[in-house]
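Chemist: Protein sequences, first through last, are from chains A and B. For the first sequence, position 79 matches number 79 in the numbering used here, and the numbering has no gaps at all. Each position in the second sequence, counted from 1, maps to that position plus 334 in the numbering used here.
Treat the hints loosely; a few may be bogus.
Some chain B residues judged to face chain A by a derived CB distance under 10 Å, without partners named [as the list claims (entries may be wrong)]:
id	residue
1	Asp341
2	Ile350
3	Glu360
4	Met410
5	Phe414
6	Thr418
7	Pro512
8	Glu541
9	Ala562
10	Asn607
11	Thr640
Rather than coming from a laboratory, the hints here were simulated on the basis of the structure. Glycine included, each C-beta is placed from N, C-alpha and C at the ideal position.
2 protein chains.
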Amino acid sequence: MSELRQDPITKEWVIIATDRARRPHEFRSRERGSEVPSSSAKACPFCPGNERMTPNEVAAYRNGNKDGPGWWVRVMPNRFPALTPESSDGRGDDPFFRFMPGVGRHEVIIETPEHNAPFALLPDSQAEEVVLMYRERYLALRDDRAVKAVILFKNKGESAGTSLEHPHAQIVGTPVVPQHIRETYAVTTRYYDDTGRCIYCDLVERECKAKYRIVFESDEFVAFHPFASRSPFETWIAPKRHAASFGQISAESAKHFALALKAVLSKIYRHLNDPDYNFVFHSAPIEDENKPYFLWHVRVIPRLTTVAGFEIGSGMFINTALPEETAAYLNERP
Amino acid sequence: MSELRQDPITKEWVIIATDRARRPHEFRSRERGSEVPSSSAKACPFCPGNERMTPNEVAAYRNGNKDGPGWWVRVMPNRFPALTPESSDGRGDDPFFRFMPGVGRHEVIIETPEHNAPFALLPDSQAEEVVLMYRERYLALRDDRAVKAVILFKNKGESAGTSLEHPHAQIVGTPVVPQHIRETYAVTTRYYDDTGRCIYCDLVERECKAKYRIVFESDEFVAFHPFASRSPFETWIAPKRHAASFGQISAESAKHFALALKAVLSKIYRHLNDPDYNFVFHSAPIEDENKPYFLWHVRVIPRLTTVAGFEIGSGMFINTALPEETAAYLNERP
Chain A
1 MSELRQDPIT KEWVIIATDR ARRPHEFRSR ERGSEVPSSS AKACPFCPGN
51 ERMTPNEVAA YRNGNKDGPG WWVRVMPNRF PALTPESSDG RGDDPFFRFM
101 PGVGRHEVII ETPEHNAPFA LLPDSQAEEV VLMYRERYLA LRDDRAVKAV
151 ILFKNKGESA GTSLEHPHAQ IVGTPVVPQH IRETYAVTTR YYDDTGRCIY
201 CDLVERECKA KYRIVFESDE FVAFHPFASR SPFETWIAPK RHAASFGQIS
251 AESAKHFALA LKAVLSKIYR HLNDPDYNFV FHSAPIEDEN KPYFLWHVRV
301 IPRLTTVAGF EIGSGMFINT ALPEETAAYL NERP
Chain B
335 MSELRQDPIT KEWVIIATDR ARRPHEFRSR ERGSEVPSSS AKACPFCPGN
385 ERMTPNEVAA YRNGNKDGPG WWVRVMPNRF PALTPESSDG RGDDPFFRFM
435 PGVGRHEVII ETPEHNAPFA LLPDSQAEEV VLMYRERYLA LRDDRAVKAV
485 ILFKNKGESA GTSLEHPHAQ IVGTPVVPQH IRETYAVTTR YYDDTGRCIY
535 CDLVERECKA KYRIVFESDE FVAFHPFASR SPFETWIAPK RHAASFGQIS
585 AESAKHFALA LKAVLSKIYR HLNDPDYNFV FHSAPIEDEN KPYFLWHVRV
635 IPRLTTVAGF EIGSGMFINT ALPEETAAYL NERP
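Bound-form chain A, shown alone (with noise of 0.2 Å):
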């Protein structure tokens, strides 16, 4: 199983991954023109008929066995888990050194049958099918007494950091809670405490007047370019109303969740010829679902740009698009 260690300065924990760990050689940069071809529908784990290629599924929308076709939404554990959920109490405390094991979980969801269907060209009943598979194992990870955070996030495409074209996502829980998440806890505590009221919530009520970078609303939910977007046509898509956590949404506005991700995606799909991209779920930590000082969101980054030095060095970033020029391109007819 995999290890976490803890940064003693920033107190992060990174997850040393052995179990999908290579070893030092195999990191050598490859030959230009030697990289290998991405999946054919053939080869593909999660292509209907391949369902042996994974392990079990722990969930799916099916007519037919388990594990076998039939289904048009499917779920498994990773074949190469960041966190598993055995059980282990292993921890060294040296705060220089300080270590514990990869507790957690690690799935994937396939997110239809269909080997090039993008999320953004999906129909709408079958985006609402994901959409509520997305809460139903966000529900189940949330339950598993070793999870602190619960961490569901999409990779398309290789500059987005996964091989496998087939359209899926990933749900991962963590035995801890992300020190960033802690940082950002502190700024919304104080100022629920000075005002009485969610920073997110009255972020999201400003952007709606401000009215020029909102790319798509809906009766429960708005999707926009925040004001002060980390790269170009980053796009947040929120809830109307105050909900700390995506596990405390409802079936039905899980259902119009779904049409307004489509419909951001679908956007980003034709105006920027189907871009790479990652999305990301924000969540409380589950201890903190209850507050009232956190609403979850969702950000969709398209990897347009290569994150630098700068960057890296600085935690800076340099965005050389304008928020309310990116969101006007996406308002265009395509």
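Add chain B to chain A, keeping to what the hints say.
Modeler: Relative to chain A, chain B alone:
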């Protein structure tokens, strides 16, 4: 000039670099195979004879006239600067939409007249000259009253964020102290108040004692793969004696440091087949240079893996290699 905007929750400033901005439609993904080839020596603005293709130099080690050939290290303002030295006062203080003008400095340091000579393969004397120029420019930017922190870094290769092949580093003077440095300071200050010691110096001492993550050591410097490395082959180079800022290094020690940096980059070059990488100098903010609780150091980050949704969302990194093993690998004979 560019604009700084503050994220109201993380408090981190983002540089909206309108001078280097692209129009929204220019972000459309290119068709595969249509990538622009990297610069050849003929069209390279950093090659001798092409000095007119760059802004006027601000410093050089050279024979011959300013802005002509004959130099062996040459520095000029970045042609597409993230920050510029113009004075300007416009600030917006609405806490949700805080902004300030992009005042600061942004220079490029050309490290050799030779188009294809990576730092790892420079003659020792040239490596020393390069680091002496790093020091000279660090001190120059530090003396600009608008500058609160100096970030010196290198992007090598496309996946590290540069399309210019000719070896160069960059140096940026920012008008604010980056928030994540402030957060680091909270920890190091607490540690100093508790123990009377610098936490970084203690960390370096502990890594030296542990021994098996060390990849280079000289009288004045040590390099190691930290216990909680965030990515494979991440390497820190640190002085053995306390100094908070690179700006405090003597010319003599700068030469020793040049050899340490070259030794590390050369091990990476040989064992990993010339990978793309970034390095970044971490130094105290100008106002904190005389405080006893920060140790300047350099982090070298080979770009061997891709930061994906999990890292972006959680701030936790998944490292697929053990630092003990990567250090041992770099210590093998090539």
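Chemist: For every hint, state whether the structure bears it out.
Modeler: Hints versus structure:
Proximity of B:Asp341 to chain A holds as hinted, the smallest CB-CB distance being about 4 Å (cut-off 10 Å). Interface hint at B:Ile350: satisfied, since its Cβ lies 5 Å from the closest Cβ of chain A, which is below the 10 Å cut-off. Among the interface hints, the one on B:Glu360 holds; its C-beta lies about 9 Å from the nearest C-beta in chain A, closer than the 10 Å criterion. The beta carbon of B:Met410 is not positioned within 10 Å of any beta carbon in chain A (closest approach about 17 Å), and the interface hint is therefore violated.
With a cut of 10 Å, the hint placing B:Phe414 at the interface with chain A holds, because the nearest CB-to-CB distance is about 9 Å. Violation of the interface hint for B:Thr418 is found here, the shortest Cβ-Cβ separation to chain A being roughly 13 Å, above the 10 Å cut-off. Here the hint on B:Pro512 is kept, as its CB sits about 4 Å from the closest CB of chain A, short of 10 Å. Given hint, B:Glu541 at the interface with chain A, holds; its Cβ is 8 Å from that chain's nearest Cβ, closer than 10 Å.
Hint status for B:Ala562: holds, given a least beta-carbon distance of 4 Å to chain A, under 10 Å. This hint holds: B:Asn607 has a C-beta 4 Å from the nearest C-beta of chain A, less than the 10 Å allowed. Interface hint at B:Thr640: satisfied, since its Cβ lies 4 Å from the closest Cβ of chain A, which is below the 10 Å cut-off.
In the structure shown, a violation is registered for the earlier hints numbered 4, 6, in ascending order.
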